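Full structure from sequences and hints, please.
Same order as they appear, the protein sequences are chains B and Z.
Number 124 in the working numbering belongs to position 120 of the first sequence; there are no gaps in the numbering.
Number 158 in the working numbering belongs to position 156 of the second sequence; there are no gaps in the numbering.
The reader is advised that the hints may include incorrect statements.
Claimed, not checked - Label-pair ranges, simulated between beta-carbon atoms:
{"no.": "1", "chain 1": "Z", "residue 1": "Gly124", "chain 2": "B", "residue 2": "Gly162", "range": "34 to 42 Å"}
{"no.": "2", "chain 1": "Z", "residue 1": "Arg36", "chain 2": "B", "residue 2": "Gly179", "range": "20 to 28 Å"}
{"no.": "3", "chain 1": "B", "residue 1": "Glu7", "chain 2": "Z", "residue 2": "Glu32", "range": "49 to 57 Å"}
{"no.": "4", "chain 1": "B", "residue 1": "Ala22", "chain 2": "Z", "residue 2": "Gln27", "range": "47 to 55 Å"}
{"no.": "5", "chain 1": "Z", "residue 1": "Asp86", "chain 2": "B", "residue 2": "Ala73", "range": "18 to 26 Å"}
{"no.": "6", "chain 1": "Z", "residue 1": "Ile110", "chain 2": "B", "residue 2": "Asp121", "range": "34 to 42 Å"}
{"no.": "7", "chain 1": "B", "residue 1": "Gly179", "chain 2": "Z", "residue 2": "Glu32", "range": "25 to 33 Å"}
{"no.": "8", "chain 1": "B", "residue 1": "Gly179", "chain 2": "Z", "residue 2": "Gly16", "range": "19 to 27 Å"}
{"no.": "9", "chain 1": "Z", "residue 1": "Glu7", "chain 2": "B", "residue 2": "Ala176", "range": "17 to 25 Å"}
{"no.": "10", "chain 1": "Z", "residue 1": "Gly16", "chain 2": "B", "residue 2": "Ala116", "range": "25 to 33 Å"}
{"no.": "11", "chain 1": "B", "residue 1": "Asp130", "chain 2": "Z", "residue 2": "Leu122", "range": "34 to 42 Å"}
{"no.": "12", "chain 1": "B", "residue 1": "Asp121", "chain 2": "Z", "residue 2": "Asp86", "range": "36 to 44 Å"}
Calculated from the structure, these hints are not laboratory results.
Computed from a predicted structure; not experimentally measured.
The beta-carbon is built from N, C-alpha and C at its ideal position, and this holds for glycine as well.
Next come the chains, spelled out residue by residue.
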Amino acid sequence: MGEASDEDLMARVAQGDAAAFRTLTERYAVRAVALARRFLGNSADAEDIAQDAFLRVWRAAPRWQPTAAFGTWFYRIVVNLCLNHRRRRDFAPLEDAGNIADPAPDALARLARGHEDRALARAIADLPQRQRAAVLLTYWEGLSNARTAEVLDASVSGVETLLVRARRALRARLGPQPGEE
Amino acid sequence: MTHDEFEHLLVAHGADVSLWPEPAQRRARELMARDPSAAGLLANDAALDARFARALSGGPVAQDLAAGRRVVAHLAALPLPKQDARAPVRWLPSWLLALDLRPAWPSIAALAGMAALGFLAGLNVVDPGPLDAAMGDGARPQVIADLSTIVFEPGPPEESAL
Numbered sequence: 005m006g007e008a009s010d011e012d013l014m015a016r017v018a019q020g021d022a023a024a025f026r027t028l029t030e031r032y033a034v035r036a037v038a039l040a041r042r043f044l045g046n047s048a049d050a051e052d053i054a055q056d057a058f059l060r061v062w063r064a065a066p067r068w069q070p071t072a073a074f075g076t077w078f079y080r081i082v083v084n085l086c087l088n089h090r091r092r093r094d095f096a097p098l099e100d101a102g103n104i105a106d107p108a109p110d111a112l113a114r115l116a117r118g119h120e121d122r123a124l125a126r127a128i129a130d131l132p133q134r135q136r137a138a139v140l141l142t143y144w145e146g147l148s149n150a151r152t153a154e155v156l157d158a159s160v161s162g163v164e165t166l167l168v169r170a171r172r173a174l175r176a177r178l179g180p181q182p183g184e185e
Numbered sequence: 003m004t005h006d007e008f009e010h011l012l013v014a015h016g017a018d019v020s021l022w023p024e025p026a027q028r029r030a031r032e033l034m035a036r037d038p039s040a041a042g043l044l045a046n047d048a049a050l051d052a053r054f055a056r057a058l059s060g061g062p063v064a065q066d067l068a069a070g071r072r073v074v075a076h077l078a079a080l081p082l083p084k085q086d087a088r089a090p091v092r093w094l095p096s097w098l099l100a101l102d103l104r105p106a107w108p109s110i111a112a113l114a115g116m117a118a119l120g121f122l123a124g125l126n127v128v129d130p131g132p133l134d135a136a137m138g139d140g141a142r143p144q145v146i147a148d149l150s151t152i153v154f155e156p157g158p159p160e161e162s163a164l
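Here it is in structure tokens:
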């Protein structure tokens, strides 16, 4: 027997089925925490957001209509909670966890790459909130512009405008990209 | 094609111009031929995409996996709250369910702005006139036609006018 779809699970959650709810939380917890951490810049706040998002799913389940994919709705809840969240802790991306001395021959190259990745993470963290959400949903979660628009409750051209502005800001902040002629 | 349109197409279709719709492709090539900064933007965008792909790919890291497990365990241990048992309203889009999740501050700012504007309008637009006029046949309040006085203070008179 195949895995139950998100929508089947939601139908059961709507009936108060705690086991179905647990399956949904197992399916989406890591993604929720990861998205919130990228958005807010720290893991502790991200855990609070993920937990709050799931509790909202549980409470709203009997009223939920499967007019859009559950994942889209759930992303919207997580993103909106992040947008409303007052950052309580400093931004500390995981990538700052430390550069351990590495004796491998390509260690320097990897160190440089790690430095570039951290600079990008910081630049994304400094974007205005909706631009940051659009960048993370599109380039990290890999959502299409149309699905990002659904999550952000915006038009596709609105999302494109957010991405254009975000990319301009990132280009200005990061300077010429590596590998660019 | 303008630079702005070019940037939007880059976001919509990616940095490989050969994958763009035919008319846009042709106009983009024309733009790049006459404007070298557009060609530079294309190269920069491709490099930024590569940087995104490297830095933002790979999915969750160990810390996210551990945090996810903690969230699942915590939710399993919590007494789940009462569900919202009101019947679903089928003609309403389901996004309304998330209404309380929308960012609150823009709505609050808009409401406060409207309240302030209403207050100013009340103070400035409608002049109830002198009390004796209101008691007589001129009971209708006077309306000040020039709304600009609400926003713009008249400047001081020109020196030559004094």
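Here is how each hint holds up against the structure:
The hinted window of 34 to 42 Å between glycine 124 of chain Z and glycine 162 of chain B holds, with their beta carbons roughly 35 Å apart. For arginine 36 of chain Z and glycine 179 of chain B, the hinted distance range of 20 to 28 Å is satisfied, since their beta carbons lie about 26 Å from each other. At roughly 50 Å, the beta-carbon separation of glutamate 7 of chain B and glutamate 32 of chain Z lies within the given 49 to 57 Å, and the hint holds. Remark: the range hint 47 to 55 Å for alanine 22 of chain B to glutamine 27 of chain Z is upheld by a beta-carbon distance near 54 Å.
Restraint check, aspartate 86 of chain Z to alanine 73 of chain B: a C-beta distance of roughly 21 Å satisfies the suggested window 18 to 26 Å. The hinted window of 34 to 42 Å between isoleucine 110 of chain Z and aspartate 121 of chain B holds, with their beta carbons roughly 37 Å apart. Glycine 179 of chain B and glutamate 32 of chain Z have their C-beta atoms about 28 Å apart, which keeps the hinted 25 to 33 Å range intact. Look at glycine 179 of chain B against glycine 16 of chain Z: about 22 Å separates their beta carbons, and that is inside 19 to 27 Å.
Judged by the Cβ atoms, the range 17 to 25 Å given for glutamate 7 of chain Z and alanine 176 of chain B holds: they are separated by roughly 20 Å. Under the hint 25 to 33 Å, the C-beta atoms of glycine 16 of chain Z and alanine 116 of chain B, about 26 Å apart, fit the expected range. For aspartate 130 of chain B and leucine 122 of chain Z, the Cβ-Cβ distance of about 36 Å falls inside the hinted range of 34 to 42 Å, so the restraint holds. A hinted range of 36 to 44 Å for the beta carbons of aspartate 121 of chain B and aspartate 86 of chain Z is consistent with their spacing of about 42 Å.
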